[in-house]
Amino acid sequence: MAGINAYDGPAENGFEAGFGDYVALLKPRVMSLVVFTAFVGLWIAPVGMNPFVAFCAVLFIALGGGASGALNMWYDADIDAVMKRTAGRPVPSGRVPAGDALAVGLALSGLSVMMLGLAANWFAAGFLAFTIFFYAVVYTIWLKRSTPQNIVIGGAAGAFPPMIGWACATGGIGIESLLMFALIFFWTPPHFWALALFMKEDYHKAGVPMLTVTHGRAATRRHIFGYTLVLAPFAIWLGLTSVGGWFYLSVALVLNALFILGGWRILRRTEEQAVADHYKTERKFFRLSLYYLFLHFLALLVQHWIGAW
Amino acid sequence: MALHVEHELHRRRRSRNVGLALVLAAFVALVFGLSVVKITQGDMMEGYDHRPQASRLPVDPNPPAATAPRAAPGTPGAEAGIKP
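For the protein sequence lines, the chains are E and D, in the order given.
Quick note on the working numbering: the first sequence kicks off at 1 and runs consecutively.
Quick note on the working numbering: the second sequence kicks off at 1 and runs consecutively.
Everything labelled a hint here was simulated from the structure, so no lab data went into it.
It should be emphasised that the depicted structure is a prediction, and the values quoted were computed from it without experimental measurement.
C-beta atoms are modelled at their ideal positions from N, C-alpha and C, and glycine is treated no differently.
Possibly wrong hints are sitting among the right ones.
As the list claims (entries may be wrong) - Calculated from the model, a selection of chain E residues having no Cβ within reach of chain D, i.e. all distances over 10 Å:
| id | residue |
| --- | --- |
| 1 | 23 |
| 2 | 83 |
| 3 | 84 |
| 4 | 141 |
| 5 | 146 |
| 6 | 179 |
| 7 | 214 |
| 8 | 216 |
| 9 | 242 |
| 10 | 270 |
| 11 | 276 |
| 12 | 287 |
| 13 | 298 |
To be verified - If you only want the chain E side, here are some residues facing chain D, beta carbon under 7 Å, derived:
| id | residue |
| --- | --- |
| 14 | 19 |
| 15 | 50 |
| 16 | 237 |
Unchecked claim - Rough simulated footprint, nothing fancy, chain E against chain D, three-plus residues with beta-carbon under 8 Å:
| id | stretch |
| --- | --- |
| 17 | 5 to 13 |
| 18 | 16 to 22 |
| 19 | 25 to 34 |
Chain E on its own, in the form it takes in the complex (with noise of 0.2 Å):
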């Protein structure tokens, strides 16, 4: 990285990165996703906040998992690099260099504790901190690449945003806060599954030892449907307890039973069917599983406002 004094040139094969090359180093996409559901995490707690600290929250909570993305990317260049869907990325591509990835990653993680810290509570930080370390050193550096249980434990680090919202907003946990990251946390394996079933290639090359890669499609298969029957009573659950009411409990039921369908007929299929049709099936079910969670904790917001049990 160029120092303060001295400019120390283009990388070694002569690119010099744009500012959209570090923005990509934070995982937009994946940012989305941390920044809904903590502010719902956030907003649906009993406890009211001053919607510019909330909003500033939300914001320190998505530069943390920013900051968690662009130590993954630092870590994982080389095999981003054998991967289709990961070859683009501004490391393995050569846009910006590792070291700066690793730097952007360290200072973001620091500056993202401190300031959620000091805007909403230490607690709330306390967990966020735990979340960094837990995606970058618990599932990117040991389990990714040691365990085909890799994403079922790594997902974890995905479920923890809407527990840190609610954290901001109460200086706690709740049963509630602890349903939404079960949500989470058991919606992921079945999710990333589906998309390794059609991108198996991809994993294999890179040696990342995915269910499909260590136990087969057919095991990977009955997993995914277990999984769905496991996530359902959670997300029901949620409809239960106090954010919960008749509204959020309707769309659960529907999309739980969606999702089991999807799963029954994932499980029903054979690998030459699918090969037949590219995956059809898959693909489907792994684009229902994005409306799925975004559809449940857009339910919960509205659940909200319509005012819960």
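Place chain D on chain E using the hints.
Frame of chain E; chain D shown alone:
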């Protein structure tokens, strides 16, 4: 022929500089806004500076009854026997 030919590298460098300037300006605005909100909400803004501060002492729920001032021991007032 133009005296200054702008290379794509210059465009990227400018985008980085302008982006960083905007981020810094936004950060200053955020900190200012947060300070205004915190102060108007009456949050404790006085940090501990290693000196006793009456404002940081907990409020006594049973304060002693107010009494008239007494002369300190050893002072002329005490020797003269001035009592409340």
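Taking the hints in turn, this is what the structure says about them:
{"no.": "1", "hint": "23", "verdict": "violated, 8 Å"}
{"no.": "2", "hint": "83", "verdict": "holds, 26 Å"}
{"no.": "3", "hint": "84", "verdict": "holds, 25 Å"}
{"no.": "4", "hint": "141", "verdict": "holds, 28 Å"}
{"no.": "5", "hint": "146", "verdict": "holds, 36 Å"}
{"no.": "6", "hint": "179", "verdict": "holds, 30 Å"}
{"no.": "7", "hint": "214", "verdict": "holds, 42 Å"}
{"no.": "8", "hint": "216", "verdict": "holds, 45 Å"}
{"no.": "9", "hint": "242", "verdict": "holds, 26 Å"}
{"no.": "10", "hint": "270", "verdict": "holds, 50 Å"}
{"no.": "11", "hint": "276", "verdict": "holds, 46 Å"}
{"no.": "12", "hint": "287", "verdict": "holds, 33 Å"}
{"no.": "13", "hint": "298", "verdict": "holds, 27 Å"}
{"no.": "14", "hint": "19", "verdict": "holds, 3 Å"}
{"no.": "15", "hint": "50", "verdict": "holds, 5 Å"}
{"no.": "16", "hint": "237", "verdict": "violated, 35 Å"}
{"no.": "17", "hint": "5 to 13", "verdict": "holds (count 4)"}
{"no.": "18", "hint": "16 to 22", "verdict": "holds (count 4)"}
{"no.": "19", "hint": "25 to 34", "verdict": "holds (count 3)"}
In terms of the numbered hints stated before, the structure departs from hints 1 and 16, listed from lowest to highest.
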